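Listed below are the residues making up each chain.
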Amino acid sequence: MKKYFILFLILVLPVNSFALIEVDITRGNLNPLPIAVSPLSIDKDSKKSFEKILKKKDIGSEISIVIENNLKTSGLFNPLNKDAFLQAPDIANLKPRFEDWNLIKAQALITGKVNFIDEKLRVEFRLWDVLAGKEMMALAFTTVPNNWRRVGHIITDKVYERLTGEKGYFDTRIIYVAEEGPKTKRIKKLAIMDQDGANNKFLTLGNELVLTPRFNPTSQMVTYLSYFRNLPRVYLLDIETGIQEVVGDFPGMTFAPRFSPDGKKIIMSFAKDGNSEIYTMDLENRIVEKITNHPSIDTSPSYSPDGKYICFNSDRSKYQQIYVMNSDGRNVKRISFGKGLYGTPVWSPRGDLIAFTKLHKGKFYIGVMRTDGSGERLLTENFYQEAPSWSPNGRVLIFYRETKTDDKGEGFSAKLWSIDLTGYNERLVDTSTDASDPSWSSLLSN
Amino acid sequence: MNINIFISSVLHLILIMITAFSLPFLAKKPIDLPPIISVELIQITDKTNIPFAPKAKKTIEKIKEKEKKLVSEQAPPKKVKKIKPDSVPMPEDKVKKVEKIKEDKQNPEKIDNEVKQVSEFEKKELFDPNNIAALIDKSKIESAETIKKTDKVTQDQQKNVENVGLSLSEEDALKAQIFGCWSIPLGLPYNENLLVRIKLQLEPDGTVSQSEILDHARMNKPGQGFYKVLAESALRAIKLCQPLRVPTTGYERWKELQLNFDAREMLEG
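Residue numbers (my numbering), protein chains in the order written: chain A, 1 to 446; chain B, 447 to 715.
Be careful, since some hints might not be right.
Stated by the list, open to error - Just a few of them, taken from the derived set where beta-carbon distance is under 8 angstroms, the chain B residues facing chain A:
no.	residue
1	612
2	614
3	625
4	633
5	678
6	682
7	699
8	703
9	707
10	708
11	712
Derived by calculation from the structure, the hints in this document are not laboratory data.
None of these values were measured; they are calculated from a predicted model.
For each residue, glycine too, the CB sits at the ideal point set by N, CA and C.
Work out the full structure: start from the sequences and follow the hints.
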């Protein structure tokens, strides 16, 4: 009887319960996340040592500025003004007073410490969730002192990944064509720099015209096109050793060589017998294979990250449009159907989007579409711009833009610009000379 | 043997009865109010304002006169309180009238729609006369009385709303507040199923006493980095938004609340 009574109670008790109210939150704000980057604390002895080696007064503060600038340019974070910080860097690194950081509306906080140990730079940092009052991440790096900027970039990558869920793109480099002189007598050199414009270096002297440099997947090698005695040649350049190698001379117009995702092949287009087709070349045995076979002009091939597909542009449907095919050239499908001409398709490293340049009614657009051609979005519009290249996380595009330097339209300037997928965060990437044809490396620390 | 069958059948019967009466999906679903409501709101306020407006005018005049007198005499505030009850009966009358109207509307013979409209907008309807009274007096006692009165009304109203969720306006207010606090991590993929469900236990003033991620196990699973980031951003939003903009009444209804954070719509662009 007792059992039945208990059973009865169990059954009756829920009668008075309320159904749980559910509220769906499907929107939020797109404002950058307020983040406080406290200067990294440094003891007196370490400070003196670094001052001697690096000629920098406060290396802790310098690293924090690198982090802050990186976060700011991403457009996803809003680094708060350091003048508003209430807590000293050394104490904040031990235990932040979250009320103080909450007061200045910081939602995340970066603190850290720099030491000079055994002639090396040791940097530790902590990422704090101010609202939850807990540590989210703590890491330490040891390297040679000259690598201090890279440490700043690596810290930013870690913070970015922890707060956004996707890998960062700050410890990367950009290779581009540096241009000088009038348009008719242009000197073009290969140049390389950090993604934030620091450590700019020229890799060629400018005796020959260079075009379309592209990194290989490990970012150690670059393939590019150069005109030697007015003949196009495809080169390989090892950026660490500086050793150059000619891959081959190709007939007619040759365009945009690019590595396959495994780095074993180069894909490009050239005009053999007067018709431009897409070819691959195996870098080991130098065997050239024809991928497309169509009387139209097929150019600008780019592999999908898994290497199974190739996107390219072709005028086989009268106007230049984007097509996707299997890596062996079968199953060609047109994916762009909008008005205007589409060119320079580049497959995102994430695999979900294809970036392109579009020409419509005399204006150039940089845009993205899904790999089936749906969801086309134009991110930026200008008088002349092209050659988008993806950041390694597939979130930002770098491209070059030519602008007129006077009202008459005489004279022009070419500069590198970056834009993220939202289309709102467009930035000029600072280069000492004019610049074109950028290519973004993969993450160096991976 | 027969006894067992009998007990089993009785218990089954009880079980069926209990499920029939207690399970939420069997209850009548509230009818979603169409956008036309805003028009009807105007009609309701017009109706209620018409009879009360002249009376309110009189009371304004009376109180103004009294206040003038009080000011000239430099009377202490206590005296003002004594005087105010004379002017108070007006709102009381109004409330009674409104309650009558409501009783009529709660008549089951009438159309459901009307009942819902009353439950949705009663507060506003009642607030108008009370607000006028509060404007007239500006005294704490007076406003306290009016709040009590509105409480009485909403208790009636609660009978209707007990097992129903938040009203549209209540839900919208809460959503709008959280929209402002939630910084969506823009790096998340749009094509993954990232739904973060957080169960909250709330204090009557809207502060969160406890928050619990319902799929907590997913937080620390490998390959669920995006989910973790989204869940953390949702928790930050809740903390930032405290106290939550919850209804002033019906605490029992919303003391436990589940928020479902889904960023796909935003990430798809």
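What hint numbers does the structure not satisfy?
2
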